[in-house]
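One line per chain: the protein sequences are R and P, in this order.
Read in this note's numbering, the first sequence has 35 at position 35, and its numbers run on one by one without any break.
Read in this note's numbering, the second sequence has 1117 at position 117, and its numbers run on one by one without any break.
Treat the hints loosely; a few may be bogus.
As the list claims (entries may be wrong) - With a Cα cut of at most 25 Å, we get these calculated SDA-like pairs of lysine to any residue:
#  : chain 1 : residue 1 : chain 2 : residue 2
1  : R       : Lys-198   : P       : Ala-1106
2  : P       : Lys-1279  : P       : Gly-1253
3  : P       : Lys-1279  : R       : Pro-300
4  : P       : Lys-1157  : R       : Leu-283
5  : P       : Lys-1157  : R       : Glu-32
6  : P       : Lys-1157  : P       : Ala-1199
7  : R       : Lys-198   : P       : Gln-1233
8  : P       : Lys-1308  : P       : Arg-1318
9  : P       : Lys-1308  : P       : Glu-1284
10 : R       : Lys-198   : R       : Leu-283
11 : P       : Lys-1157  : R       : Ala-31
12 : R       : Lys-198   : P       : Arg-1318
13 : P       : Lys-1308  : P       : Asp-1227
14 : P       : Lys-1157  : R       : Pro-14
Unchecked claim - Chain P side only, calculated, beta carbon under 8 Å to chain R, not exhaustive:
#  : residue
15 : Leu-1068
16 : Phe-1070
17 : Pro-1073
18 : Ala-1090
19 : Asp-1102
20 : Asp-1126
21 : Thr-1127
22 : Leu-1129
23 : Arg-1131
24 : Phe-1138
25 : Arg-1171
26 : Val-1269
27 : Tyr-1307
Stated by the list, open to error - Distance windows between CB atoms, simulated:
#  : chain 1 : residue 1 : chain 2 : residue 2 : range
28 : R       : Pro-252   : P       : Arg-1101  : 55 to 61 Å
29 : R       : Ala-31    : P       : Ala-1199  : 52 to 58 Å
30 : P       : Leu-1211  : R       : Val-217   : 22 to 28 Å
31 : R       : Ala-282   : P       : Pro-1124  : 49 to 55 Å
32 : R       : Ala-286   : P       : Leu-1211  : 33 to 39 Å
33 : R       : Ala-7     : P       : Ala-1296  : 48 to 54 Å
34 : R       : Ile-48    : P       : Pro-1124  : 22 to 28 Å
35 : P       : Gly-1181  : R       : Ile-213   : 50 to 56 Å
36 : P       : Ser-1153  : R       : Leu-139   : 32 to 38 Å
37 : P       : Leu-1211  : R       : Ala-7     : 52 to 58 Å
38 : R       : Phe-211   : P       : Asp-1183  : 56 to 62 Å
39 : P       : Glu-1314  : R       : Ala-286   : 55 to 61 Å
Bear in mind the hints are in silico, worked out from the structure with no lab data behind them.
Quick caveat: nothing in here was measured; it's all calculated off a predicted structure.
Beta carbons are placed, not taken as given, at the ideal position from N, Cα and C, and that holds for glycine.
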Amino acid sequence: MPIFEHAYHPYDGPLTAPRRLPLAIARRGLAEAFASRLVVLLLGAAAIATLVFAILIYLHYNLPALRILRLAVTKLVPIDAQFFTVFLVIAAVLAFFLALWLGPPAIARDQANNALPLYLSRPITRPQYLWGKMLPLLLLLSVVTWLPGLFLFVLQASLAGGHWFAANLPIAEGIFLGSLVWIVLLSLLANALSAALKRRWPATAALVGLFFIPGIVGGILDNFLATPWGRLLSPLALMRIIWQGLFRLNLPAYGFVPGPNGGRVWGVLPPVPAWSAWLVVALLAAGCLALLARSLRPYPPIR
Amino acid sequence: MAVSLPPPAPTAAAPAAANPATIAMEGLAVQLAGRPILHGLTCQLHGRAIGLLGPNGAGKTTLIHTLLGFYRPSAGSAHLLGAPIAAGAAARAAIGYMPERDAFIARMTGVQFLRLMGELSGLPPDTALERAHEALFFVGLGEARYRPLESYSSGMKQMAKLAQAVVHGPRLLFLDEPTNGLDPTARRRMVQLIRALRASGETRFLLSSHLLHDVEECCDEILILKDGRIAAQCDLEAERRTHRRFVFVETQGEGAAAFWAALQQLGCVCATSPGNRGKIILPEGLDAADIFRAAAAHQVQLRRFEYKRDSLEEIFLRAMNSPAAAAGAA
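All chains should be built: construct the whole structure from the sequences, respecting the hints.
The structure is reproduced here in structure tokens:
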């Protein structure tokens, strides 16, 4: 209808398929994310980290460059599972800050402005709404974690040859699965807290607290009860256990362990099985989904 | 990828028909927190403009929310334009909703907000943008469409809520207290817009309001709830048509007696009262013009001429005091 008519006209044209409707929410979320300088800064930092790691890989196979820098190949960091784990840890930290900035306001703003009835009176379901809200975060976190991680893996494989690729395929699997677990957990936690607390800054504080306070409590439990299981309370320790399993690394974890004469000494903690970490992460994700199912309602439930 | 919505599937409660009921309810009951709110509502509303009335706590908003799928019925079923509400999201494709409370999406201009709402209703992005501009002009926010929603006044936000409800050209609109919090001028404008929607003949709506005058101006069918039960259902349009046969007149002139006699000869039933006043019941085949002709023929001036009409307030009060409503309250 031409705007000068100022009249109501129905719409009889084609409609978008229902499964594509959440993309409208995601598009809006991405536009809002890229309008933030901090997001651009964090994405830039991720690009720089990737570039540095790519240069490290490249130097291994460029003797003229090594000669110019007066470096020996043996003095360079070896390109192995630990190399990629270090990259993933840096990427995970950047992903955490991205999630901290973008996750808490996502649903909280809609809750604060009573926007959920507007969304849910349309042909989208609550899971679709959640998918639309999570998608921008998942995409941006992918851009800083597994996408550059796999790029580095492919770069190394292309320079080292087919035998390296075949021998180290579990590293690629570790990069992808390790990143996926981290970004899904971050997105779920950020959105669940956003939906439940309905305000940005309390949700941000809760997210920070959730990542660090249980770790401290777990450490205290480990120390007093002389048990390794307290670590399972910390999301950061959980990811460390999961990543070690995926990358087939056996890096020791340090803490206070029983010493001589019933005292405590700083030493290597007994290992915690990877399955227990997977189980806790699955429970955490299920808890987030339950919280979202409870909080994502057009109107608060009447009690 | 674009698809067209399939026509709603016919069911037992809403048989396939060229013109299905706007809203059909069959024993619809809703419980919230274990407390029954709606008690087995059964009715068929065919009007294009349906007014939903009732005192506070009657269940009006609960009924709207249930029809929108926000609450799950504890018993019974309901159909909107022939499509069962149990169909979930698919049933909401042709529906627009203007909530009672302030509701918008933060950090957006008016046109961005409406575009998103249009896209979420299934419009392709370009069409959604085009219709967002049109809908904002329709509600009178054309000049403010690039301003952030947060900077809108209460009245403008109310208009933006109406615009988001119509941006996708729905076939059925739910308007929950659309004139709430509006000053008289803005209220007048809102009523005009709702009347324009009705006049377009392209959409139907359910209007919930406490303001009987607004409902009377905009609606042709009324559903009155009391304590979660139907207290009255009234086709205002049919009532108006019926009342067009009842006329009150006040005459002046020497030929009044002859005038009344002439009307009786024409088949009218007349009752005169002191002060040159009288009531006329017109038989089939006669209309107001015949009364004017008779008056002119007998040199009588008609100083007052009006059709009998029950005000909505009378209908509402009657419904509140009706035995059915009283039974509901008990």
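Results for each hint:
1. Distance restraint check for Lys-198 of chain R and Ala-1106 of chain P: the Cα-Cα separation of roughly 13 Å lies within the 25 Å cut-off, and the hinted pair is therefore satisfied.
2. At roughly 17 Å between alpha-carbon atoms, Lys-1279 of chain P and Gly-1253 of chain P fall within 25 Å of each other, so this suggested pair holds.
3. As the CA atoms of Lys-1279 of chain P and Pro-300 of chain R are separated by approximately 55 Å, the hinted pair breaks the 25 Å bound.
4. As the CA atoms of Lys-1157 of chain P and Leu-283 of chain R are separated by approximately 42 Å, the hinted pair breaks the 25 Å bound.
5. Restraint check: the Cα-Cα separation between Lys-1157 of chain P and Glu-32 of chain R comes to about 22 Å, which is no more than 25 Å; the hinted pair holds.
6. For a cut-off of 25 Å, the pair hint linking Lys-1157 of chain P to Ala-1199 of chain P stands: about 24 Å separates their Cα positions.
7. About 40 Å separates the Cα atoms of Lys-198 of chain R and Gln-1233 of chain P, which puts this hinted pair outside 25 Å; it is violated.
8. Between Lys-1308 of chain P and Arg-1318 of chain P the CA atoms are separated by roughly 17 Å; this keeps the pair inside 25 Å, and the hint holds.
9. A hinted pair counts as satisfied when its Cα atoms are at most 25 Å apart, and Lys-1308 of chain P with Glu-1284 of chain P qualifies at roughly 17 Å.
10. At roughly 23 Å between alpha-carbon atoms, Lys-198 of chain R and Leu-283 of chain R fall within 25 Å of each other, so this suggested pair holds.
11. Restraint check for Lys-1157 of chain P and Ala-31 of chain R: satisfied, since their Cα atoms lie roughly 24 Å apart, inside the 25 Å limit.
12. About 44 Å separates the Cα atoms of Lys-198 of chain R and Arg-1318 of chain P, which puts this hinted pair outside 25 Å; it is violated.
13. A C-alpha spacing of about 31 Å is found between Lys-1308 of chain P and Asp-1227 of chain P, which places the hinted pair above 25 Å, so the restraint is violated.
14. The suggested pairing of Lys-1157 of chain P with Pro-14 of chain R is violated, with an alpha-carbon distance near 29 Å, which exceeds 25 Å.
15. The beta carbon of Leu-1068 of chain P comes within 5 Å of a beta carbon in chain R, closer than 8 Å, and the hint placing it at the interface holds.
16. Using the Cβ-Cβ criterion of 8 Å, the hint placing Phe-1070 of chain P at the interface with chain R is satisfied: the shortest such distance is roughly 5 Å.
17. With its C-beta approaching chain R no nearer than about 15 Å, Pro-1073 of chain P sits outside the 8 Å limit, and its interface hint is violated.
18. For the restraint placing Ala-1090 of chain P at the interface with chain R, the shortest Cβ-Cβ distance is roughly 6 Å, inside the 8 Å limit, so the hint holds.
19. Below 8 Å, beta-carbon pairs count as interface contacts, and Asp-1102 of chain P has one with chain R at about 6 Å; its hint therefore holds.
20. Annotation: interface hint on Asp-1126 of chain P violated; nearest CB of chain R at approximately 11 Å, more than 8 Å.
21. Interface hint status for Thr-1127 of chain P: upheld, as the beta-carbon distance to the closest one in chain R is roughly 6 Å, under 8 Å.
22. The criterion of a C-beta within 8 Å of any C-beta in chain R is not met by Leu-1129 of chain P, whose closest approach is roughly 12 Å, and the hint is violated.
23. The beta carbon of Arg-1131 of chain P comes within 7 Å of a beta carbon in chain R, closer than 8 Å, and the hint placing it at the interface holds.
24. Because the beta carbon of Phe-1138 of chain P sits about 5 Å from the nearest beta carbon in chain R, less than 8 Å, this interface hint is met.
25. Taking 8 Å as the C-beta contact cut-off toward chain R, the hint placing Arg-1171 of chain P at the interface holds, the least distance being around 7 Å.
26. The criterion of a C-beta within 8 Å of any C-beta in chain R is not met by Val-1269 of chain P, whose closest approach is roughly 43 Å, and the hint is violated.
27. Nearest Cβ of chain R to the Cβ of Tyr-1307 of chain P: about 30 Å, over the 8 Å cut. The hint is violated.
28. Our hint of 55 to 61 Å for Pro-252 of chain R and Arg-1101 of chain P holds, since their Cβ atoms are close to 57 Å apart.
29. Between Ala-31 of chain R and Ala-1199 of chain P the beta carbon distance is about 38 Å. The supplied range of 52 to 58 Å is therefore violated.
30. Separated by about 57 Å at the C-beta atoms, Leu-1211 of chain P and Val-217 of chain R break the suggested range of 22 to 28 Å.
31. For the hinted restraint 49 to 55 Å between Ala-282 of chain R and Pro-1124 of chain P, the CB-CB distance of approximately 39 Å leaves it violated.
32. Roughly 48 Å separates the CB atoms of Ala-286 of chain R and Leu-1211 of chain P, a value that falls outside the hinted 33 to 39 Å.
33. At roughly 41 Å, the beta carbons of Ala-7 of chain R and Ala-1296 of chain P sit outside the given window of 48 to 54 Å.
34. The beta-carbon spacing between Ile-48 of chain R and Pro-1124 of chain P, approximately 39 Å, falls outside the hinted interval of 22 to 28 Å.
35. Between Gly-1181 of chain P and Ile-213 of chain R the beta carbon distance is about 43 Å. The supplied range of 50 to 56 Å is therefore violated.
36. Checked against the hint of 32 to 38 Å, the pair Ser-1153 of chain P and Leu-139 of chain R passes, with Cβ atoms roughly 37 Å apart.
37. For Leu-1211 of chain P and Ala-7 of chain R, the Cβ-Cβ distance of about 25 Å falls outside the hinted range of 52 to 58 Å, so the restraint is violated.
38. Take Phe-211 of chain R and Asp-1183 of chain P: their Cβ atoms lie about 50 Å apart, and the range 56 to 62 Å is violated.
39. Under the hint 55 to 61 Å, the C-beta atoms of Glu-1314 of chain P and Ala-286 of chain R, about 58 Å apart, fit the expected range.
Going through the hint list in order, the structure does not satisfy hints 3, 4, 7, 12, 13, 14, 17, 20, 22, 26, 27, 29, 30, 31, 32, 33, 34, 35, 37 and 38.
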